[in-house]
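This is what each chain is made of:
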Amino acid sequence: MLSIPMPTLIQPRDERTQPARIVPGYPQTRWRNPRQPLVRRQPTLAELTGPLEVARRVMLRGGDIAGHGERQAIGQLIHLKLRVLDEDGAPVGGTVVEMWQANGAGRYLHPGDDDHAPSDPNFHGAARLVTDESGSFELRTVKPGAYPVPPRDGWWRPPHVHFSLFGRVWLSRLVTQMYFPGEPLNGQDRILNAVPDAAARDSLIARHVPPTRDPYNALVYEHQIVLRGRAATPEQL
Amino acid sequence: MIPTGEATIGPFFPPRYMDEGANDLTMFDGRKAKGEAIEIHGRVLQEDGAALENLVVEVWQADAGGIFRHPADPRHAQADPGFFGWGRAATDQQGIYRFKTVRPGAPEGRQPHINFMLMFSGLMRILKTTMFFEDGNDPVLLAVPHSRRSLLIAKGNYEFNIRLRGEGETPFFDD
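Those protein sequences? They're chains A and B, same order as listed. Numbering-wise (our numbering), the first sequence opens with residue 1 and increments by one. Numbering-wise (our numbering), the second sequence opens with residue 238 and increments by one.
Worth flagging that the hints you see were computed from the coordinates, not collected in a lab. Nothing here was measured: the structure is a model prediction, and the numbers come from that model. Heads up, the beta-carbon is just placed ideally off N, CA and C, and yes, glycines get one too. Don't take each hint at face value.
Reference excerpt, derived from the structure (chain A facing chain B, CB under 10 angstroms, subset only) [stated by the list, open to error]:
{"#": "1", "residue": "THR44"}
{"#": "2", "residue": "GLU47"}
{"#": "3", "residue": "GLU53"}
{"#": "4", "residue": "VAL58"}
{"#": "5", "residue": "ARG157"}
{"#": "6", "residue": "HIS162"}
{"#": "7", "residue": "VAL169"}
{"#": "8", "residue": "ILE191"}
Start from the sequences and build out the full structure, keeping to the hints where you can.
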């Protein structure tokens with residue numbers, strides 16, 4: 001079910017809640033981010049529309065990526081419960097979410113990852129799902145390992161999960177990363193700490209749910225992702 | 238609620254997410270899109286002139302009639318059922334992306350254009366820009382300083398090169 005209150009109102013974000021574009025100790029950011037000031041534009045119809053039902057253009061891939069039985073991935077089994085909301089707190093249902101992460105040893109299922117950490121043939125590494133009417137989706141995976149970032153000058157990425165989401169309009173497209181609570185590497189990570197505002201950084205960290213009975217027999221984490229946009233009222237148009 | 242902070246897509250976006258046909262907008266739902274089929278392409282370079290491989294490019298555009306397939310477009314009921322409007326490509330070793338699409342019509346009050354977004358390792362935020370087919374009286378083009386407008390206009394064979402930083406830097410939008 002697609003939940004699409006229309007039209008969508010998009011307002012500028014508070015820059016302190018978003019990462020710096022140039023990050024000390026992350027040299028690629030210096031070569032690839034514009035030197036010229038970004039150009040302000042009033043959003044037009046092209047930005048206030050966007051691809052809906054992306055699942056009709058791409059292949060979905062199930063959210064159980066940790067394997068089973070003899071072919072279970074190695075690592076701490078976790079159950080991620082996520083919700084996607086808009087700025088009003090309304091669920092964003094029917095939108096495609098792409099996730100990917102390193103395996104339990106900190107290695108990606110990707111030809112570009114030539115790290116020393118072992119690959120895990122039973123770990124699938126990625127899922128592509130559609131949120132339900134409540135904006136929710138769930139994943140059964142293993143907790144990703146940390147890994148050192150080349151050229152290994154002491155920067156290690158803390159355990160994290162990547163997400164790519166579409167939402168309702170072009171300007172609600174989001175690529176983000178989710179972190180785990182209590183990780184000692186969180187405080188030094190150059191990407192997480194590129195977000196100036198402490199509360200905004202905290203909102204990137206999942207919540208550990210005290211263990212109860214879980215269908216996956218896994219540690220449970222909850223996380224919320226807020227996409228840009230709110231339902232516009234007539235006087236706002 | 239505060240929108241979640243962006244982060245770089247990193248170097249390990251799964252290759253399987255570059256679905257076969259995701260860069261071909263000329264077919265949808267078993268139908269052929271109406272209008273003039275074109276191939277847009279370009280090279281993406283960083284500051285030192287190095288071509289960037291595996292950079293993710295996404296596009297969004299109106300159909301040949303200038304209509305977006307989205308309920309916020311007042312004319313969307315007349316949208317071409319054979320045109321979805323969104324595509325994704327990765328740059329190759331030479332930094333080149335390619336899309337097959339149809340030449341968009343002019344949405345109301347606009348010149349024909351194609352919206353681009355770029356995602357890559359080292360880009361902490363999605364970079365957004367817009368390709369035009371010709372110069373003209375378009376509110377987005379007019380928002381760009383005059384001396385830089387030509388950088389948003391594709392060359393004759395629909396070549397739209399993107400320089401992320403440095404000489405000939407492509408104008409990007411703060412939105």
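Let me know if the C-beta of A/ILE191 comes in closer than 10 angstroms to any C-beta of chain B, holds or violated.
-> 6 angstroms, holds
Interface restraint verdict for A/VAL58 against chain B (beta-carbon cut-off 10 angstroms) | 5 angstroms, holds
Would you check whether A/VAL169 satisfies its interface hint, that is, whether its CB is within less than 10 angstroms of any CB in chain B?
-> 7 angstroms, holds
Was the hint right that A/GLU53 lines chain B, CB cutoff 10 angstroms?
-> 8 angstroms, holds
With chain B as the partner, please determine if A/ARG157 meets the hint condition of a C-beta pair closer than 10 angstroms.
-> 9 angstroms, holds
Minimum Cβ distance from A/THR44 to chain B below 10 angstroms?
-> A/THR44 check passes; min Cβ-Cβ to chain B is 6 angstroms, inside 10 angstroms.
Against chain B, run the beta carbon of A/HIS162 and see if the smallest gap drops under 10 angstroms.
-> 6 angstroms, holds
Using Cβ atoms only, decide whether A/GLU47 comes closer than 10 angstroms to chain B, and label the hint accordingly.
-> With Cβ-Cβ at 6 angstroms, under 10 angstroms, it holds.
The structure is consistent with each of the numbered hints, conforming to all of them.
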